[in-house]
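Hey, can you work out the whole structure from these sequences and the hints?
Residue numbers (numbering that gives the first Met the number 0), protein chains in the order written: chain W, 0 to 399; chain S, 0 to 197.
Think of the hints as simulated: they come from the structure by calculation, not from any bench.
Where is the CB? At the ideal position from N, CA and C, for every residue including glycine.
Some clues are possibly wrong.
Each pair of labels, with its calculated beta carbon distance range [unchecked claim]:
id	chain 1	residue 1	chain 2	residue 2	range
1	W	D213	S	D10	25 to 33 Å
2	W	R276	S	D10	58 to 66 Å
3	W	V32	S	E78	33 to 41 Å
4	W	E277	S	M186	44 to 52 Å
5	W	D213	S	N161	19 to 27 Å
6	W	F181	S	D85	44 to 52 Å
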Amino acid sequence: MTAVITPKKEKFIVPIGPQHPALKEPGHFEFAVDGEIVTDATVRLGYVHRGIEKGTEARTWTQNLYLVERICGICSHIHALTYALGVEVLAEVEAPPRAQAIRVLVAELERIHSHLLWFGVAAHEAGFDTLFMYSWRDRETIMDILEALTGNRVNYSANVLGGVKFDVTDAQRKVILEGINFLEERTHHYLNVVTTDSMFLQRTRGIGVTRLQDAQRLGIVGPTARASGVMRDVRVDAPYAAYVNFPIHMVVETAGDLEARFIVRLKELFESFRLIREILDNLPPGDLQVKRFPRRIKPGEVISRVEAPRGEVFYYIRSTGSENPDRVKVRTPTLCNMASVLSLSIGHHLADIPMLLVGIDPCFSCNDRGVAICTSDGGHDSWTWERLRQFGIDYYANKV
Amino acid sequence: MLPAYESSVNDKAERALVDAEALLGMWAPFFNKPQPDTTTLAHGENPLIFPYAKRRIKLTGKGRPDGLDVSITADDLREAVQILIDADWGYLITITGLDLGPEEGAMEVLYHFAQGAAVVTLSVRIGRERETAVIPSICAIIPSASFFERELSEMLGITVRNTPNTDHLFLPDDWPAGVYPLRKEFMANTSTAEAKDS
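See below:
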């Protein structure tokens, strides 16, 4: 066997992606390695950039509600909620208390679905596929609840500007409570597994340690930050919708390693279960929507911040008084946390990279937000909305 | 009467804003206000700052005494950011680039900092031309700002002086040079082929 000798000065670069090593989403990473140890890292995003920020400028305030909901398939409700809360402030309209409570209810159900999804993927990356299958089986419970409540497994479309679309019936309430009871029991079991299983702990304990100062310096958000002791949760710091009437307790760990990130997310599930029961028991009476919502919105600017399952979602919305927004800026949590993976990976084994990456619960759709089609001759082309729509109509017409 | 929880969030946000006002005291005339008329500026000051109706950025969420907006010049930006960071006031949420359109002939870059429910926005007004759409990088102070600055330069064509990385972050490598999708001239339904021709 001939050994390849690389002079010390030259870097050996291992490209990973664009097919993402942890989740089935695209992102391209280049890791410079010295043997097995990572010495430098860069990232290239944008493989699923859909130009949504620009798209919002060509659509009305109401159409945009449906557009932003499609920024992310996993935390779709959060995006619609952040947008709706912001636009309501600009329009000087406030959704009724019952609507706000139902918004929080759906947000917490979504959090459970997102955390369980992440938990399964993370278990899979650690090579613990049994845990992956169990957690995704259990996740179906929450998906069924969401479907029963909203009619959809994802993209629930629960919000309208000025309220929500649906009420919670007694039959739905019963289904939710039964599902939550089952999941609570399962979560106790999962928490026990991730803190005691010695094989699993070898992949998580002491790996990817982010100290408090580093977490702050890198601007990490969400459960990843809270696992490093950063006391930051928009639901607590700046309660929106009904979180002021149904306060949440912040879950913080100080170890900063992958294990702590598992513990934070699983413990947050218990908070979500508690909150869902509390909301269902104390759902305020009243309307679901405001009577009238203006088509044109007064000139102004607003900042809307919401705690998504992955961390803080930030919207800046600007109106110049027309039927369309002038600018909608979206900052999703993954973008903030991505920088942490790059700096964290330095000094770690290449084999730990998928786990480090999955530790932040990356979401590439959120990150990228454009429709690019690769043509068969290898070229690239962007389709206009009209062309995409026509393609859809023709496709289904020919199918029948 | 506010519920106890809401008023405690409120108090914290108000205290944070008072702290921020003290820290950024040297820009007090520009709190929630436009920069002065160009005619009142001393010689050599940035002539790009036009008089314009500065609005207050509202915040959502309970416990929200409205945030603090500070108009500053590009030259003062690094100093202001340094002051906030040294005092450990909050964290940088993101940087928003705003094209005010060819008629207004200006762009705005907003730096949003948050501490609890309080948000401080530093807004820098710059021109739209190659020579005037320039801001200094704050990566030396906040390394994680690099992604936001890359987004500014590829989406709006803003030159970020001394930023460590100017590669495309989101747009394809073969994206035509000089086409900036978040500028107002760029229409939402333009295909890449059309963009190349423009």
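To see whether the hints hold, each was checked on the structure:
1. W:D213 to S:D10: 25 to 33 Å: Since the Cβ atoms of D213 (chain W) and D10 (chain S) sit about 30 Å apart, the hinted range of 25 to 33 Å holds.
2. W:R276 to S:D10: 58 to 66 Å: Check failed, 30 Å falls outside 58 to 66 Å.
3. W:V32 to S:E78: 33 to 41 Å: holds, 40 Å
4. W:E277 to S:M186: 44 to 52 Å: Holds, at about 48 Å.
5. W:D213 to S:N161: 19 to 27 Å: The hinted range 19 to 27 Å holds for D213 (chain W) and N161 (chain S), with Cβ atoms some 23 Å apart.
6. W:F181 to S:D85: 44 to 52 Å: The hinted range 44 to 52 Å holds for F181 (chain W) and D85 (chain S), with Cβ atoms some 51 Å apart.
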